[in-house]
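Asks: Since chain U is already given, all that's left is putting chain B on it; use the hints.
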Amino acid sequence: MIRIGEKTVQRLLMAAAFSAIGGLLLIALFIFKEGLSFFIETGFRRFLFADVWDPQSGLYGIFPMLVASLWVTLGAMLLGAPLGISVAVFLVEFVPRSVMRVVKPTIELLAGIPSVVYGFIGVMVLAPFIRSTFGGPGLSLLAASFILGVMILPTIISISVDAITAVPASYREGSFALGATRWQTVRMVVLKAARSGIIASVILGMGRAVGETMAVIMVAGNAVKIPHSALDSVRTLTANIALEMGYATGRHREALFATGIVLFVVIMILNTAAGVMVRKRVSGKKG
Amino acid sequence: MEGLYSGETMGPMPVKFSIQQLSTFYGSVQALRSLSMDVATNRILGVIGPAGSGKTSFLRTLNRLNDLLPDFRVEGRVLLDGSDIYGPDTDPVLLRRRIGMVFAMPVPLPMSIYENLVYGPKLTGIRDYQRLGEIVEKSLRAAYLWDEVKDRLNLPALRLSGGQQQRLCLARTLALGPEVILLDEPSSGLDPISTARIEEALAELKSSYTIILVTNNTKQASRVADETAFFLMGELVEIGPTEKIFTAPGDSRTEDYVTGRFG
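If you read the sequences in order, they're chains U and B. Counting in my numbering, the first sequence runs from 1 upward without gaps. Counting in my numbering, the second sequence runs from 1 upward without gaps.
A hint or two may mislead.
With a cut-off of at most 35 angstroms between alpha-carbon atoms, the simulated DSBU-like pairs for lysine-lysine come out as follows [stated by the list, open to error]: (1) Lys219/B <-> Lys150/B; (2) Lys33/U <-> Lys225/U; (3) Lys219/B <-> Lys244/B; (4) Lys192/U <-> Lys138/B; (5) Lys219/B <-> Lys192/U; (6) Lys192/U <-> Lys122/B; (7) Lys138/B <-> Lys219/B; (8) Lys150/B <-> Lys280/U; (9) Lys122/B <-> Lys150/B; (10) Lys280/U <-> Lys225/U; (11) Lys280/U <-> Lys244/B; (12) Lys138/B <-> Lys150/B; (13) Lys138/B <-> Lys122/B.
Since the hints were derived computationally from the structure, they do not count as laboratory data. The model shown is predicted, which means the values in this text are computed figures rather than measured ones.
Next comes chain B alone, as it looks inside the complex:
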């Protein structure tokens, strides 16, 4: 597993996301409280924290999926490559093509494996069958699913096992050719082997993508994340290199959480 930490030997990476005093509200309920942090390019950022700490809300703010909720409101700024994603020039639909998301529960669309994978690319206007075929194979290989499904791409995606469905969702996201991948507890419902396969895929993927991984499992963050952020009650308590967060955290609350004293 040493290879996973290779990011730390590289120099500092350029900033992908710069988040400045971000607060979010659902109606009168505040979810995030004035968050400020940077997310480095081509790294895996792990986000940990107990249930209700705002981790998922944070992810859904980054690809503007929260926009779909009628009472949602955001304050502060989220800069992606320097431009504000909540600015007037940002089209949320185009933004979501740059920022892929994998949900906690695998949700393949009710269609075949192949159709799930070409859904995104087709929306961007790719019609050429050969090209679509290449995308399908490449993304399935990257998600470590190709060998298991290559002979039955026309099978309804809902017939796959849970672990396969989740890797399909990852592949489907990769097929978009995004710059950032957001993962919301991608292995919460999976067995250890499926989880290992996902983590393996992520380690491969970070050379080409910026990855933000929300996880309930602190061990998972320590295994795969280059940097780790600890959230508590909608606040960012601490962010730093994963090793430091897990061995010498700066805040006692972080220490209590990672050592399992609460949460």
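Extracted from the complex, chain U is given alone in its bound form:
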């Protein structure tokens, strides 16, 4: 009787696990089925590196969006990575543990704010500020980078805190015993020992920034052109899919799926890289 119950539960759990993995596979399969033929027919270079996107004339070059996505992500990293890592170092090394136990979950809560809310704040506060201070339309590459930079903070802080906390106390004591100050210890020992975990946090943050859509649509301005300054309006790859899929048909629709393949591959690469870094940290501890 008990044995039968065990087996049933085991099978149910297995079915649940496979349905999750299966769903993931099906989505990947679907995107590739819809987009791959377009990708092959148009050709790698004519799709990725042509700079006119004009579905009405049958021109599907995503280069402006590709550049926009790269710049927006880079801008977000320039803000988010140094800030996030600094916060993580501060929380672990310079604040009592009891304070960190309150602050860290609070920061992680930031990840739960819907991206549309970030976008809303961007539209209402940030864009007008940029327009009146630096000129330009306000809805711009700069605004998108800034909003994304803030949005990826929880990811970077949370994973960096874990990496820094995992540095053995014996390293810190060894460094202090050799006459190092706290900051010297952090700079020369702790950051070095936590390096791969910190890099993983930055890569995962980058993945979030590349994939974010709603907030970017709201603040980036969405003009399809290669940006010449941070104040120009831009449209990212994700924004392009979201904006046009409602009315796209035929080859246009296939082109959007092909864009999805590009994003899919980029994020797969980033996540794999982050995974490799995390594993490196674990095995590095033994050696």
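Replies: Just chain B now, kept in the frame of chain U:
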């Protein structure tokens, strides 16, 4: 091994550490109970006692490493060359450059052998490569490690064997040019040969340093220490010349411990 006792034939040495009614607390738990003792210059003081007797806490109080713990509190005075290390004029960072420490578990920093050794000297502002090279060689020789690693100084320190790592930690401490060396059970995880090498190094070193050696191994204290202190439950039971502690202790508790009746 006779040479190790040569200290006893010399006259009384000047006092390095004068410890007066020292008590320490971790939160509400008291670790040391009103300790008073003197530590002589250029001698090896062995500190023995069962686990939990406050030996390690004592060491970590002398270089103010306990300061890093949030609940730590100290009472009484610890005078180093006459000035209170817990006084307002003492910078703990500078103090730790004068008082080197070797931990129970070897903890090389996660960098190369060379970088481990120049870590301390570089912090004190030494940048000259030739000078750093001299320091590296001198400290490795003093820790009896030079011949084993001289051709692979760029190897990650964590790739050395346990015994080599511990001697590297000793060398790293010597590279600081400290006045005092604190050793916290430096051979607890080592094989007899590595232990012998460390003890050999210590015997050499006491002519230039004041050494305090905490050890779980009473035989080690009897082999290398000039003076031995016996700790029990955070109290100093007895301190005296090693020979006297091991052959004619003044306190029955000391006798029970050194003869292996408890602990």
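Asks: Of the numbered hints stated earlier in the document, which are not met by this structure?
Replies: Per hint list: 5, 10 and 11 violated.
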